[in-house]
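Number of protein chains: 2
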Amino acid sequence: MVEVKRKMDVEAYDAVILGQGAAAYAAALYSGRYRLETLMIGPTFGGETATASILANYPGYVEVDGFELMSRMKEQVDRLGVKTVQAQASAIAKVEHGFDITYEGGQVHGETLIYAVGRERRKLGLPGEESLWGVSYCATCDAPLYAGKTVAVIGGGDSAVKAALLLSRACPRVYVVYRGQAFARPEAVSLRLISERENIVPVLGTRVTRLLSREDALAGLELSQPFGGSRELAVEGVFVEIGAEPRSEMARALGVALNEKGEVMVGKLMETNVPRFFAAGDVCDGAGDLKQTITAAAQGALAATSAYKVISVHGNACEHHCVPFEVD
Amino acid sequence: MVEVKRKMDVEAYDAVILGQGAAAYAAALYSGRYRLETLMIGPTFGGETATASILANYPGYVEVDGFELMSRMKEQVDRLGVKTVQAQASAIAKVEHGFDITYEGGQVHGETLIYAVGRERRKLGLPGEESLWGVSYCATCDAPLYAGKTVAVIGGGDSAVKAALLLSRACPRVYVVYRGQAFARPEAVSLRLISERENIVPVLGTRVTRLLSREDALAGLELSQPFGGSRELAVEGVFVEIGAEPRSEMARALGVALNEKGEVMVGKLMETNVPRFFAAGDVCDGAGDLKQTITAAAQGALAATSAYKVISVHGNACEHHCVPFEVD
Numbered sequence: 122m123v124e125v126k127r128k129m130d131v132e133a134y135d136a137v138i139l140g141q142g143a144a145a146y147a148a149a150l151y152s153g154r155y156r157l158e159t160l161m162i163g164p165t166f167g168g169e170t171a172t173a174s175i176l177a178n179y180p181g182y183v184e185v186d187g188f189e190l191m192s193r194m195k196e197q198v199d200r201l202g203v204k205t206v207q208a209q210a211s212a213i214a215k216v217e218h219g220f221d222i223t224y225e226g227g228q229v230h231g232e233t234l235i236y237a238v239g240r241e242r243r244k245l246g247l248p249g250e251e252s253l254w255g256v257s258y259c260a261t262c263d264a265p266l267y268a269g270k271t272v273a274v275i276g277g278g279d280s281a282v283k284a285a286l287l288l289s290r291a292c293p294r295v296y297v298v299y300r301g302q303a304f305a306r307p308e309a310v311s312l313r314l315i316s317e318r319e320n321i322v323p324v325l326g327t328r329v330t331r332l333l334s335r336e337d338a339l340a341g342l343e344l345s346q347p348f349g350g351s352r353e354l355a356v357e358g359v360f361v362e363i364g365a366e367p368r369s370e371m372a373r374a375l376g377v378a379l380n381e382k383g384e385v386m387v388g389k390l391m392e393t394n395v396p397r398f399f400a401a402g403d404v405c406d407g408a409g410d411l412k413q414t415i416t417a418a419a420q421g422a423l424a425a426t427s428a429y430k431v432i433s434v435h436g437n438a439c440e441h442h443c444v445p446f447e448v449d
Numbered sequence: 122m123v124e125v126k127r128k129m130d131v132e133a134y135d136a137v138i139l140g141q142g143a144a145a146y147a148a149a150l151y152s153g154r155y156r157l158e159t160l161m162i163g164p165t166f167g168g169e170t171a172t173a174s175i176l177a178n179y180p181g182y183v184e185v186d187g188f189e190l191m192s193r194m195k196e197q198v199d200r201l202g203v204k205t206v207q208a209q210a211s212a213i214a215k216v217e218h219g220f221d222i223t224y225e226g227g228q229v230h231g232e233t234l235i236y237a238v239g240r241e242r243r244k245l246g247l248p249g250e251e252s253l254w255g256v257s258y259c260a261t262c263d264a265p266l267y268a269g270k271t272v273a274v275i276g277g278g279d280s281a282v283k284a285a286l287l288l289s290r291a292c293p294r295v296y297v298v299y300r301g302q303a304f305a306r307p308e309a310v311s312l313r314l315i316s317e318r319e320n321i322v323p324v325l326g327t328r329v330t331r332l333l334s335r336e337d338a339l340a341g342l343e344l345s346q347p348f349g350g351s352r353e354l355a356v357e358g359v360f361v362e363i364g365a366e367p368r369s370e371m372a373r374a375l376g377v378a379l380n381e382k383g384e385v386m387v388g389k390l391m392e393t394n395v396p397r398f399f400a401a402g403d404v405c406d407g408a409g410d411l412k413q414t415i416t417a418a419a420q421g422a423l424a425a426t427s428a429y430k431v432i433s434v435h436g437n438a439c440e441h442h443c444v445p446f447e448v449d
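Those sequence lines, one after another, are chains A and B. Each residue of the first sequence is one higher than the one before, starting from 122 at the first, in our numbering. Each residue of the second sequence is one higher than the one before, starting from 122 at the first, in our numbering.
It is worth saying that the hints were derived from the structure and are not from the lab. Each hint should be verified, as a subset may be incorrect.
Pairs involving identical chains hold if they fit within one copy or between any two copies, as the list cannot separate such chains.
[Stated by the list, open to error] Calculated pairs, SDA-like style, for lysine to any residue (alpha carbon to alpha carbon, straight line, at most 20 Å):
id, residue 1, residue 2
1, 430, 321
2, 389, 378
3, 430, 409
4, 195, 175
5, 389, 379
All values derive from a computational prediction rather than experimental measurement.
The shape of chain A in the complex, shown without the other chains (with noise of 0.2 Å):
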């Protein structure tokens, strides 16, 4: 961890928090409420809540549009004068008192750090996937809207094996299409039963090459075989589970520790091995495999929970940064 010198003018918050999803939106709410400066990073609002179509899943909405909840908690945040600047955060610095943080177009410095981007998904890469329904990326999400209907899973590693499972209950058959000659390391009890649930049909070996659609709806999947030829399967769902992508290579950087699927490791208050930087969302491994909004949200309310505390026990940003600083 670098020390580097401080500018004379860099505007200093008590917790700077970078992301727009809900993880960093909850985040914002608890640290506004809790009188710290606050600032927002982030270059586009809403995160994943705000793609999705319609939540079911949000404890205390029977159903909402994901932009809309998203849009939610901006106004119950934006009421609490929390600043937002709409930019790529590029570089974080580990200083006195916190960090600073380097984004598109300027710098500032954070007492404390709340690091919630979120995950890239993998997607497929083919004509439709964004547009057609019938394509997912969250079978815990999305699993009941399936119900008594033939649906594939793309993908074969543990989070497609265990998409499949969870699908079977639902579903009269769950193909599980994998480019490989077998899965990859699923867990074994994972392995096990799949093997015993018949309702789920391995295609191994197998790639998708086009998705097919009635009206604006898919309607099947274009397999192509190693060794010739393609075949057409009825679907009326996919999930796609080829895997996702923690943003966390600027939490690397700085010497926070990740897990094996390189999330942010973070304590039940979602501290980390860094002091004053705490991660929340998808990003990290708060919640196990469970992505959801609502434990997103949580987090961000831990998280700026424990800012706070850090805030109340050395002091804020002004006391460290309201008087310009002597350039040496």
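Starting from the known structure of chain A, arrange chain B on it as the hints suggest.
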């Protein structure tokens, strides 16, 4: 843990949830969506959230009435076919494949148990405490409502001191009224901070004998001192921080490990030291001191996910219990 003989006619569920607050309903939401046979057992609807008037810190609602929020969670869960028994559970026995739960009027079996029974707040026991505007039990929740107002905290433990510190960020004067002659074991740092904060005024060796009101709002406190005499203190808000009892007795009796506050100790995924027994919400230590609707709801979702994993691996209630048992 005593293994009791199973009754032939006991109804069996994949997951039995004790409680009817935010943690319990979020658990039921996820459990129902995982297609677990689920039963909720609790004496009163809505938990502590339902008794809050307006919540402004539940992410996604700018403001929402606590009872209304819980009613929406109930509607979400009712749609999934989750059953509810309006009764007080009185005992839990560890048996093969889970637990037998006894309640007023019956007994059921749960392959897994989610313990979300909350905690009991200690109250002053003074007239007006339930009805006056200006009496709060949660500084984290309500501090922003009192910005610019003179308030008092009742109590002398660490939570009272921390409430005073938080309120002192928004309020011109914060009295801390405590019957003891010194604060009762606050953390050393809290004690230092309270002595440095000029707008915090300790009022020790003093009891609150009456809540003074003007129309429907708190206007002050009548205080009595041990060596005679009483005086009045004008305040617009009072925060009662005289402790809370986690309702962990049934868990303790089963051998579930508790922390020094009597809270059920949980891991990140709400697991306890007793297999198949999960806890969530204010009865557990999942979020440290931050007992909020958002954290309780997330813990409920996590507990249900952990219960689902058990059922997924070990089979469901029907497999074990649909065939009547031999009674020997």
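- Task: Hint by hint, work out which the structure violates, then give me just those numbers in ascending order.
- Result: As far as the earlier hints go, not one is violated by this structure.
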